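Undergrad: What follows is each chain in one-letter form.
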Amino acid sequence: MVLYESFFLYPSALYATQKPNHITTILGSCVAVCLWDPLYKYGGMCHYMLPLWNGEGLASPKYGNIAIEKLIEKMISFGSKKENIQAKIFGGGDIFQRRLNHFNIGEKNIWIAQSYLKEQNVPIISSSTGGESGRKIIFNTYNGEVRQRYVRKQTEL
Amino acid sequence: MSQLNDQELINELVKRFDETKKALSEVQKLNEELKEVNKKLEESESMKSHFISNITNEIINPFASILALSKNILSVEKENWKKVITMVSHIYTEAFHLDFQFRNIFAAAKLEAGEVVPEILNVDVSSLVESIIESFSHLAKKKFIGIELKNDLKEEKSKIVLFKTDPEKLRLIISNLLSNAINFSFEKSRIIIKIWKSENFLLISVQDFGTGISVENQKIIFDRFKRLSSGIDSINRGHGLGLSVNKAMIDLLGGKIDIKTELNKGSVFTVCIPEYDGEISGIAFDDNEFFFNSDEVKMSENDKEEVF
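Line by line, the protein sequences are chains X and B.
Okay, so the first sequence: first residue is 51 according to the working numbering, each after it adds one.
Okay, so the second sequence: first residue is 72 according to the working numbering, each after it adds one.
Bear in mind the hints are in silico, worked out from the structure with no lab data behind them.
A few of these clues could be false.
Unchecked claim - Simulated crosslink set (BS3-like; lysine-lysine; CA at most 25 Å straight-line):
(1) Lys158/X - Lys69/X
(2) Lys111/B - Lys265/B
(3) Lys120/X - Lys181/B
(4) Lys212/B - Lys124/X
(5) Lys69/X - Lys290/B
(6) Lys120/X - Lys119/B
(7) Lys212/B - Lys265/B
(8) Lys290/B - Lys221/B
(9) Lys158/X - Lys212/B
(10) Lys110/B - Lys120/X
(11) Lys186/X - Lys375/B
(12) Lys158/X - Lys93/B
(13) Lys158/X - Lys106/B
Said to hold, decoys possible - Chain B residues, not near chain X, derived (Cβ > 10 Å throughout):
(14) Thr127
(15) Tyr163
(16) Ser202
Note that the coordinates shown come from a computational prediction; the quantities given were computed from them, not determined experimentally.
All C-beta atoms, glycine included, are put in the ideal place defined by N, C-alpha and C.
Extracted from the complex, chain B is given alone in its bound form (with noise of 0.2 Å):
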């Protein structure tokens, strides 16, 4: 064994301590994420019980006024047709307001039971959009607020552009967007939505002039069941699922989201989606070089197959 002088024992000391010092913060780190994690899971508990009640409301009242509408349709005298008119449009709202819900609660419960698989198709993304603005536009209506459309995708030549995603999964991401800024604009105002191609990335982005969300609530949108307004006096609907089924949604498709928002001024939502493609290898994360190219991963000559 050689022989240590001094200097090297005292520097092979300090090394040490720094070490034990490294290891010590990073479980005291590890202690403070604990306590937030119990806090959180006592949250999610109470939590619970508060989404059936809330769901309770959310499903049985638009059931209870689509059932007084038609019921009043029924016996309409027939010099008081146009009446009739005003009570479609209020069925139809409701209605469209209880299956946006019923796709969100199905959405979060396949995905809690582990059964969503990307299902990829060549998508018209400018048309999808489209589609999804005309589809809430009544609502956007109801509080006067414009909805403007900035497609760059459109530009770049009069041809379709396709890209290659899972079109159902894409809608119900920018339908929940749409439908939360829609929920916290202010009465007047207008929604921007933006969508570009950069290099393989989709990005569609949501702006509203509304509320805007606090620094320690952004924290907490992507939870489930979290509703930042959940008051009786709430003028927003919902359950809050939306964006927890959003960030899964994401997530399966590899993709991202981002928030930049500031109270009273609005937000901006930004996705970002990767193109679903055979070539792509390396994505930064974790697996998903092999969730795009699942048959194609090349096997090293040298390994065999083992069997367990």
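In isolation and in its complexed conformation, chain X is listed as follows (with noise of 0.2 Å):
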């Protein structure tokens, strides 16, 4: 049998950790990456709004690039072979439903995850991104599943 903690991951921030536990984010046009080593059986997720950290404020995981390199040095720092990390993405959903512009938030979102897990090579074995609607997801990290809803706001915005 096995014990799980569990942790509600806010935006902006990044969790990992060596004991099973239940991740569990809420998404709308942010994304989050979550990494598994299937070798020890733990990971870790980060969840980010914007995609490039443009030098204004803090280099802080609310930025795709900054959060997906700070996740992966995690799990190296707990002992995890680059080559054995996977990848799952999730969110990055275009929950305004504007399409003003030609390159919406979420899409860029989905977008850096895509290239920079790819730079690094770690693959993705599964996703879900994109779509109209939010997601509550909830990662565990001891056999790397993740469990996905959708979400609809009581309020549009």
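Join the two chains, each given in its own frame, into one complex according to the hints.
TA: Following this line, the structure appears as structure tokens:
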């Protein structure tokens, strides 16, 4: 029997642990990247709001390029080998359903995850991105499973 | 396929040209932004190295004076014990400064590591602000600055007004604003702090009558390691982290910060923070709804759970 702890991940935060954990987060246009090491059976998740740090404010995991980099670093510091790490990505919905821009935030957020992980040779083994709804995901860091439900806001923005 | 008449064809063409034009101008705008970002990143890199030398000064100097002063105290003759009081007050000032610096440095480090979560409590904002003013009063006295507090929370009722938020983060946010206000005030001026509540928002403004901030500089004050006067002759201490920490903290609490400033007349920083409330839904920002009631988001019935 595996004893799970649970953790709620806030936007702009990241969390990785070597203990079995259920990491929950809720996404709109944000993207969450779940990294999992199938060998050691642990993982971590980051939840970022914008794709790239543009030199404004702190270089925090609010930005995709910073968040994913730090999450990979953290996995490696736990003893993972980079070639073992697997990724799953979620979110990046166009929840405002405004097609004013040719490049909306959700798409950019998804794009940075895909391109950065490819650059780092971390395979994306599954994903659920885009669309027009928010998502609630629960990441089981022990078996690498991610459970997802679509979420609708009670009040439309 | 239906035939288009000439007019329809022209209209369609005009429409498509417009769209292309729009896309082009968007791309151009993005390019401009990219240039800007490149410049910023270059600066940020060089700033990082300045930061190390800055911080060495900021930490080693106060420590050196604390050490020297306490050593002097040890060797003070009994008849001169009155001197000790001034020495101790110097030690206190230096230690206070160090403590404040460290708080910001660690806050920035934690924020950059993504390890900060809000810890919500019922906060007596009035006494929180009063205690912050109290702790900065010795710095204000040195520059002969009077700090006025205009507290609307108290006038509502004689009862204590509690506000659900994260007290430690709020404390750091206000401390940073007040510390900046003191640093950039002229001598013998005053600082006005206002607290009020509007619906579910807590508003705190800190006004000084000091140097103010120019329009170009307003864009960069929230960048890390940026100090508006970083020359060797700078009278202001600090490491340029305060406002960037503030920005990230305020983001975390779902709030906003607003600046009104005029060169040589002073500036007003106003912070607006929503009260944490399980019932709140649909705050006007991306994920904040969920941010506030993480467990209570309603699932619509036909949404099935999928496993990835």
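Undergrad: Please work out if Lys69/X and Lys290/B have their alpha carbons no farther apart than 25 Å.
TA: violated, 43 Å
Undergrad: Against the 25 Å threshold, does the CA-CA distance of Lys212/B and Lys124/X hold or violate the hint?
TA: violated, 46 Å
Undergrad: Check the non-interface label on Ser202/B: least C-beta distance to chain X beyond 10 Å or not.
TA: At roughly 26 Å from the nearest Cβ of chain X, Ser202/B sits farther out than 10 Å, so the non-interface label holds.
Undergrad: Does Lys265/B lie within 25 Å of Lys212/B when you go C-alpha to C-alpha?
TA: holds, 20 Å
Undergrad: Tyr163/B clear of chain X by more than 10 Å, beta carbon to beta carbon?
TA: holds, 30 Å
Undergrad: Does Lys181/B sit within 25 Å of Lys120/X, going by the straight-line distance between their CA atoms?
TA: With Cα atoms ~12 Å apart, Lys120/X and Lys181/B stay inside 25 Å; holds.
Undergrad: Is the Cα-Cα distance between Lys110/B and Lys120/X 25 Å or less?
TA: Distance ~23 Å between Lys110/B and Lys120/X Cα, so the pair holds.
Undergrad: Between Lys158/X and Lys69/X, is the straight-line Cα distance small enough, at 25 Å or below?
TA: violated, 32 Å
Undergrad: Straight-line Cα separation of Lys158/X and Lys212/B no greater than 25 Å?
TA: This hinted pair is violated, its Cα atoms lying about 51 Å apart.
Undergrad: Given the hinted pair Lys111/B and Lys265/B, is their alpha-carbon gap at most 25 Å?
TA: The given pair, whose Cα atoms are some 34 Å apart, is violated under the 25 Å limit.
Undergrad: For a C-alpha distance cap of 25 Å, please report whether Lys186/X and Lys375/B respect it.
TA: holds, 11 Å
Undergrad: So is Thr127/B really clear of chain X, every C-beta pair being over 10 Å apart?
TA: About 21 Å separates Thr127/B from the closest Cβ of chain X, which puts it past 10 Å; holds.
The structure is inconsistent with the numbered hints 1, 2, 4, 5, 8 and 9, although it conforms to all the rest.
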